[in-house]
Structure formats: structure tokens, C-alpha cells
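Enquirer: Starting from the given sequences, assemble the full structure and let the hints guide the process.
Here is what each chain is made of, one letter per residue.
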Amino acid sequence: MEITVTVNGRTRTRDVEPRLLLVHLLRDELRLTGTHWGCDTSNCGACAVWLDGVPVKSCTVLAVMADGHEIRTVEGLEGPHGLDQIQISFVQCHGLQCGFCTPGMLMTARWLLDRVPDPTDEQIREAISGQTCRCTGYENIVRAIRHAAAAERDAAERGAR
Amino acid sequence: MTLVDPRRDPAAAAPVPNGFGPMLRKEDGRFVRGRGRFVDDIDLPGMLHGAVLRSPYAHARIVSIDTGGALAHPKVRAVITGADLERRGMAWLPTLSHDVAAVLATDKVRYQGQEIAFVVAEDRYSARDALALIDVEYEPLAPVVDARRALDPDAPLVRDEVPGRADNHVFDWEAGDAAATDAAFAAAEHVSTCDLLYPRVHPAPLETCGIVAALDPVTDRLVVHCTTQAPHAHRTLYATLTGIPEHRIRIVAPDIGGGFGNKVALYPGYLCAVYAATITGAPVKWTEDRSENLMSTSFARDYHMHGEIAATKDGRITGLRVRVLADHGAFNGTSQPSKFPAGFFHIFTGSYAIQAAHCRVTGVYTNKAPGGVAYACSFRITEASYLVERMVDVLAFDLGLDPAQVRRKNLLRPEQFPYRCATGWVYDSGDYPRALEQALEMAEYAELRAEQAQRRAEYERTGEGALLGIGLSTFTEAVGAGPKKQMDIGGLGMADAAELSVHPDGTAELRLSCMSQGQGHETTFAQIIAHELGISPYAVNVVQGDTDRTPFGLGTYGSRSTPVSGAAAATAARRVRERAKLVAAAMLEISPADLEWEAGRWQVRGDPAAGASLAEIARAAHGSLELPDDLEGQLSGRCVYNPPNLTFPFGAYVCVVEVDPGTGQVRVRRFVAVDDCGVRINPTVVEGQIHGGLADGIGMALMEVLAFDTDGNHLGASFMDYLLPTALECPSWELGQTVTPSPHHPLGAKGIGESATVGSPAAVVNAVLDAIGVRHADMPLTPAQVWSAMRGRPLRTDLAVR
Chain A
0 MEITVTVNGR TRTRDVEPRL LLVHLLRDEL RLTGTHWGCD TSNCGACAVW LDGVPVKSCT
60 VLAVMADGHE IRTVEGLEGP HGLDQIQISF VQCHGLQCGF CTPGMLMTAR WLLDRVPDPT
120 DEQIREAISG QTCRCTGYEN IVRAIRHAAA AERDAAERGA R
Chain B
0 MTLVDPRRDP AAAAPVPNGF GPMLRKEDGR FVRGRGRFVD DIDLPGMLHG AVLRSPYAHA
60 RIVSIDTGGA LAHPKVRAVI TGADLERRGM AWLPTLSHDV AAVLATDKVR YQGQEIAFVV
120 AEDRYSARDA LALIDVEYEP LAPVVDARRA LDPDAPLVRD EVPGRADNHV FDWEAGDAAA
180 TDAAFAAAEH VSTCDLLYPR VHPAPLETCG IVAALDPVTD RLVVHCTTQA PHAHRTLYAT
240 LTGIPEHRIR IVAPDIGGGF GNKVALYPGY LCAVYAATIT GAPVKWTEDR SENLMSTSFA
300 RDYHMHGEIA ATKDGRITGL RVRVLADHGA FNGTSQPSKF PAGFFHIFTG SYAIQAAHCR
360 VTGVYTNKAP GGVAYACSFR ITEASYLVER MVDVLAFDLG LDPAQVRRKN LLRPEQFPYR
420 CATGWVYDSG DYPRALEQAL EMAEYAELRA EQAQRRAEYE RTGEGALLGI GLSTFTEAVG
480 AGPKKQMDIG GLGMADAAEL SVHPDGTAEL RLSCMSQGQG HETTFAQIIA HELGISPYAV
540 NVVQGDTDRT PFGLGTYGSR STPVSGAAAA TAARRVRERA KLVAAAMLEI SPADLEWEAG
600 RWQVRGDPAA GASLAEIARA AHGSLELPDD LEGQLSGRCV YNPPNLTFPF GAYVCVVEVD
660 PGTGQVRVRR FVAVDDCGVR INPTVVEGQI HGGLADGIGM ALMEVLAFDT DGNHLGASFM
720 DYLLPTALEC PSWELGQTVT PSPHHPLGAK GIGESATVGS PAAVVNAVLD AIGVRHADMP
780 LTPAQVWSAM RGRPLRTDLA VR
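Sequence order for the protein chains is A and B.
Residue 54 in numbering that gives the first Met the number 0 is what sits at position 55 of the first sequence, and the numbering runs on without skipping anything.
Residue 370 in numbering that gives the first Met the number 0 is what sits at position 371 of the second sequence, and the numbering runs on without skipping anything.
Keep in mind that the hints are not guaranteed to be accurate.
Computed beta-carbon distance windows for the label pairs [unchecked claim]:
id, chain 1, residue 1, chain 2, residue 2, range
1, A, E121, B, P14, 30 to 40 Å
2, B, Q404, A, E121, 34 to 44 Å
3, A, E125, B, Q633, 54 to 64 Å
4, B, V217, A, A154, 49 to 59 Å
The set of hints was computed from the structure by calculation and includes no laboratory data.
Even glycine gets a Cβ: it sits at the ideal position worked out from N, Cα and C.
Expert: Written out as C-alpha cells, the structure reads:
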């Protein structure tokens, strides 16, 4: 069936099987391979993307469920003036090693900071608790999210002055 | 110098040392943009997709396979069975452990999830659909599930295809002096014994294993993109298995989403994809799903150990003896040095001065997947470390001593290095007491013990409140295999090579035989060259993972990249530096003896203004400058590094847990880790490696297990069943360090990739058991296990609870 999805601001129309998973629409049909697939069961979160502004595990969302909706993926984080602060902070805090969980982590972290500009460590850990990282032991991911929050608060204060 | 925009390249915009020190990673820019290139991201024109039909039974004879239904599927292009492979002599592949393993089952299936057929279709979903159209008739057989029953006279025979085989015995192997150890035990004031299980676990990298195999019709070469930690070793194996000579095979490992040993072995799905590419003439992709990864690829551990420790009444250890039953699954398919059937388990005396030690390991076949050496295990040192660290605590428990005191009394002293242990390893360097004291101080050990006593008293008075436990682990690792005389994999000596070329403009390319799976080689190896040549790490391009572009070597596992390839890179750079000296001498018309090296340039001794920078020398070396007859032009160097010994990193860990006695729930409150891996090339990267390993320890100690029911059904075949630690189970790690350089490594560095995975499980288990006052219970210490252990009935965690 034909679906139209807005992905990172761009409208895309495709004829897909009703059973096609959103993760496969993104990766195989639209060739946005930054969204990774890791488990099939919504446990690992490597496939996390935004559906109408809310993180979802795209391995358990059908592509047809995204018909008429907006998707944002890791490829949509970088803006015309450079990387998003959360991307910068992950680099600055060694918040990634193999890079496979990173896109999903970034999408969840960005969502958290948009709602909670000054999260506690507990809030950060809970926010990413639906996502698995096998490399970092989470320490530097938590640090990176805290770092991004501080940088954005600083920037906001400078902007307010 | 071009200006770096920190919003576009934050790593390059940050301070960059010309050598060792904290530095942001060069590889991160592509990953945070989602522009890493993993195997499943590859899409070649006309590419087909493979899917594997797997056995639902743990043990069953295959009566018939009917592929007609699948072949009739309009999008299916081929269906491959064991019979097809058999005609090409490819149905069985030799393992790296003197055995063979089925590629696609022909006679019977030997574990649940074993490969039976391979479907090739035009898309991913159709390939999967067609699996359901293959009709296999099975005759179920009784499985061997419990390793402890595998050698029973009436045990079903797993490997009855081998003529004359009458049992499930794989090997017996021993190390140490049995007679001396027996004598030490006979004379001992005290002996403690304990049965310990290190359960079957799985490395479960977040990216599963996969391949894209293609035959290039123009060059007639096989091009394989694959998740491999050892591209060159894989090329040799493919050549052996397919008959295609090595020069017509190119293996490319692109970005790898974690390996942890899972991506060392060559799996049936890979070979099927290669075979499918040859018969269809199209590129074939196969990416396993998570269940396939957990059920069929290299597991880890599965050691059933009986430990005995002899000591004086005041806790001085005089002997250590261990008998191991090793569950190797249906095929002996461990990827480890071929002369070591139990890996490096015989380093089980750990960090202690134990005069007499002996181990005997018996391997058995069961109806489970093959593998055994994976999950950052340093070739079974994880099992060895767990054994000795647990036995020391059991000894302390039995003698009523403080586990820290028992360790203090027995740790090797710095003046004993180099130290030859009872089983023959020669430890290169260490200061174990210093690491322990630092860890205890960071943890505030005395205060913790006081709090523990207070909480226990409170609990005993009121029946309420969490119990506190403190667990120690003072481990020794041995990483960086070879030497190649003793250590080979599949006949390939464990040496690694590095090639360094300096371009005419003074920037450089380093080509390596090892392959990162997240360790950050593009950064740390550039730092090694920067350190040796006095240039920026950003002036060094690191090439790895492509057999067409890199020198031969054994790859990255067993924490061997820095000890072996790192030494090769440093040595190659030093050779370049020496050649640069001769070129500089010709440039400056001076004797090389009058030159001295100073941060990126050769200059005249006593006249530092007269000299030439590496860039100037490189330009001259490529130019028309007349060089001495025996000096080649250009500026390059290479090294094949055959390590003289392993490196022996070590550490002291303190884990603090709280246990809810009502539910058995464990919360890890703190984890203090003092590691010593010699000289740290990039301390930030080293800390990251440690963080990851500590999380592994929490996972294995508390959550992860591949258990089986009596029918051999795999009970951990998804992430809903095989539990991995999340950010909620992990505390914020508290790291400390000591630095004891390796005396034989050119940089003084030791491997660090697996230290924390090796050292941490024992600390967590020791902490939990310390909290509940139980002598021993096996991992994983789930709430059910802790609750049962507190009631004196610890569970057998590798079997289904009945």
C-alpha cells in the first residue's frame, strides 16, 4: 500500500507491504542507515527514532503506522550550522565506542533534553534504560547528556543576556 | 593550518597531543551523524538476501528435507542444503580446535538453532518467508543437556558420525605439577573446597554477525564484507574451505558494532553466503537476527569447576587444585591458540604467590552450540580469575578471616617480578599490593565494614532493611598473544604487522593487521605514530580491516591490539625515524652520528637551528636529493611483531552492593576499579574500555545466562530472556590507576580491553555473597537465586528451574 511519511522534514512516498517494519523502510527503502537494527524485540533501542516527536523503537512499528506522520532520525539531528549539541557532547565525553547504539541514544537524549533541560543522573539513566550499550558501561553516555544539558543552559543564558 | 569548526568537527577542534594523552576520537564524527558503515548498511546492485533455516530440536536425525515449496516461491533464487555442500566437499568445515563442524546439517542436528538450509531470495522478507516452505522431517533423539552427565555410560552420543567414537569426551588437558600439588594438600593445615559454575553466557554485541559476499566478474575475485575481528585469518580460512587462492580473496571489515570475541569465528552463514554468491552470480547478504546470534554463534565460558585451596590456619595459601568440566557444545569450535585446549585457564593462580598448583580440564560434547572462547575472556582467563578470586573468598569465609587480609597475605610482591608462576607463566611486571591498598582506600573499606555490621545488626533486630556486601577481586590478566612459537590460530602464528609510509608532505599512512570493533584504533594508533614521529595524530591516516590494503596479521581479540599491533606500529615508526635520520644527514651533508632527534625533526647536535623537520625530510626523500647507495628513496618502514611474552595487566576491584533480603534483589551501590595496564596511550579510551568491562561483570554476575531445559531448548534466545545490564543496573564507576610499564613492550603498554570483564564478575559475586553471608552460590545472582541461596538452596543456574 502507498504511504507518505515525512522523514527529517522531507516528504517521502513509497508503496510498501503492510508488514514492512519502520526500521526497514528507513534503512532499506530510504537508505537512511544511521538507524540501526539490534534485537527485534524492542529491548536494545538501537533502532530508536522519533515518531511525531516521541522516541519509538522502529523495529516494532510498522511502516504503514507512520503514514501521514513525521519521523526524525539521527540523520536529521545536524543542522545548517553544524552538529546538534548532543552530538557534540557525545564526541567530547567519549560517549560512544563502536557507534552502533549511538544513533538511538542520541535520539532519546535529545528528546529528554527538550523536555528536561537540567536532568539529574537518575532521570538520564531512566530515560536511556530502554536502550542497551555493550561498550561504554553507560558512564560516558550519562556524562555526555549531562554535558549537553549544561552547554545548552549556558547558551540559553548567554542568549538571554 | 585550516581552521576547524567545533560544531562540525568537535574532536579535531579539541586539544590534540602530539603523542600520548587524552584526545577525542577521530572516528566519532561519522558515528554521531549516523554515517558509520556497518555490514548491513552495504547495498550492492543486484544484491540478494540469505536466510538460514535452523533446527527446532537439540538432537534429531534428519529423515528428509524437501525444498520444493521454497524453490517455487517467486522471489527465491536458490535453496542450499547440506547435500549441495557435500557435493562440493563443503558440508563440514575444520574448526580452529582440531575438530570439524557442520556448515549445513546432513545427517542430524546437534543443537537447537543449528543450520539446515540457506535460502537466497530477492529481498529480506521473501527469504524469511521461504524458510517456512521447507519441509524437514526429523526423528527426535534424546539430547545431552547437562554437561555433568555427558560422560555417563548411557549418555546419548553427540558425534556418532565419527567412526569408532563411543562417548562424548573431547579432550583431557592438564597444567602444573600434580605430585607437588598433592603433597602440598597432604601437608596442609587447612583445605577448602568448592564447586563453582561459570555459566554459559554470550558476548551479544549490539550488531549481530553478517556478511555481503560477491564475486567480482571482472577480476574474478571473491570480495567479502564481513563483521570480522580477524580479516586476514578469515581470508586464509576461506581459501582453505573454498579452494579459491588467497590472492583472489579480499576481506573487508567495515565498521563493526562491537565484537567481544563473537566475531572471531567463521560461521556457517558466511560460508553459505559465499557459496550462494558463486552459484547465483549475484552479491548475497546475510545478516543474522538476534535469536540466531544468541542461539548459534560463539558463546562463552560454560566451565564447571571443582576448586580446592590449601592454606595455613592464618590464611597463607600453599596450594591450589582445580578440576574442570568444560562444555564445548556439539563441535569443538573454540577460536583460540591451537596448543591450548583450555585457553590460558592455567593462569588460575592469579595474583598470588602459590607454590603448588595443578589443573585438569576435561572437555565434553553436548547438544548445544559450539564456541566457548568469547566475551572478552582473554582465552579463558575470565574463568581462571573467577575461580581463584572466589576460592580466596571461600577460604576467608571458612577461616573467619577478612578477604582483604587474606589477599594482602598472599599477593605477589613487586620485588618478585619477573615472576614465574607454578604453571609456567612469566609475569612481566606488577605492584599488586599498591593497587589493592589504593582500591581499599578509595572505597573507604574500614568504614564500609562498619556500616555493614551496623546494617546486619539492624536487620537481625528488626527483620528490615537492606544488607550491605563488599566484594574484592585482585586479578591478573595475560594478554597480547603470541609469542608465535607457542601460540598459533589454525596454524597461523600470532604475530601482527604494521606498515608506515610518510607521504611527500610529511603526513603519514599506517596500515594495520588488527581491526577495531569500537576500541578507537583510528585515534590511538595515530597517537602511537605521533608519539614516535613528533607529528599530529591528525597527520596520520590509519588503515585497517581491508586485506587488500593492510599487511597480514591475526587481528583484534584477546586484548592483543596494543600489545602486538601497537608494538609493530611503534617499531615501524622507529624504523622510519632511523631512515629519516639518514636522509636528513644527506640533506644537511653531515654524518648521521651528529644528528639528534627532537620532537619531529632531526637536528645537528649542538646547533639545534640546523636541522630538518619530518616534512622536509619526507619531501627530500621523495625528491631528487642524491641519497647514499644503500638508502632507498621515500620514507617508509614496516614491522612484523612477534611478541617475546604476553603482557600482564592487573587490577584491584571493590564492589559494594545492597541486597534486599525479602526479595533477593541486588543493587550495586558502588564499584571501585584500580587498573594497571602499564603506559596509557589515550587515558580516556582506556577508561572507556574499563567502563564497558565493568558493566559486563554486573551482567554476568547478576543477569546473563544461557540456560537449557531438559529437551535442550535454549532459554536465552532473545533480549527478553537474555538480560543485559542497562544504565539502571550500572553504578557510576569509580576508577583509579597505577602505572607499571611492561618491560618488554616498546611503549611499556599492556592490553586493557578485557581486564574489567575478567576481573569484575568475581568482585560482584563476592559482594553479594558477603552481604547475605552465604559461602557460595553460582552466577547469575538473580533475585530468585539470591533468595534461594539465603534459604540454603542455591539453584543450578544452567538448567531450567523445575
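Enquirer: Do the Cβ positions of V217/B and A154/A conform to the proposed distance bound of 49 to 59 Å?
Expert: This hint holds: roughly 53 Å between Cβ atoms.
Enquirer: Honestly, do E125/A and Q633/B meet the 54 to 64 Å range at C-beta?
Expert: holds (57 Å)
Enquirer: Given a hint of 34 to 44 Å, does the C-beta separation of Q404/B and E121/A actually sit inside it?
Expert: holds (36 Å)
Enquirer: Is it true that the C-beta distance of E121/A to P14/B lies inside 30 to 40 Å, as the hint says?
Expert: Once the Cβ atoms are compared, 32 Å apart, the range 30 to 40 Å for P14/B and E121/A holds.
In terms of the numbered hints stated before, the structure departs from none.
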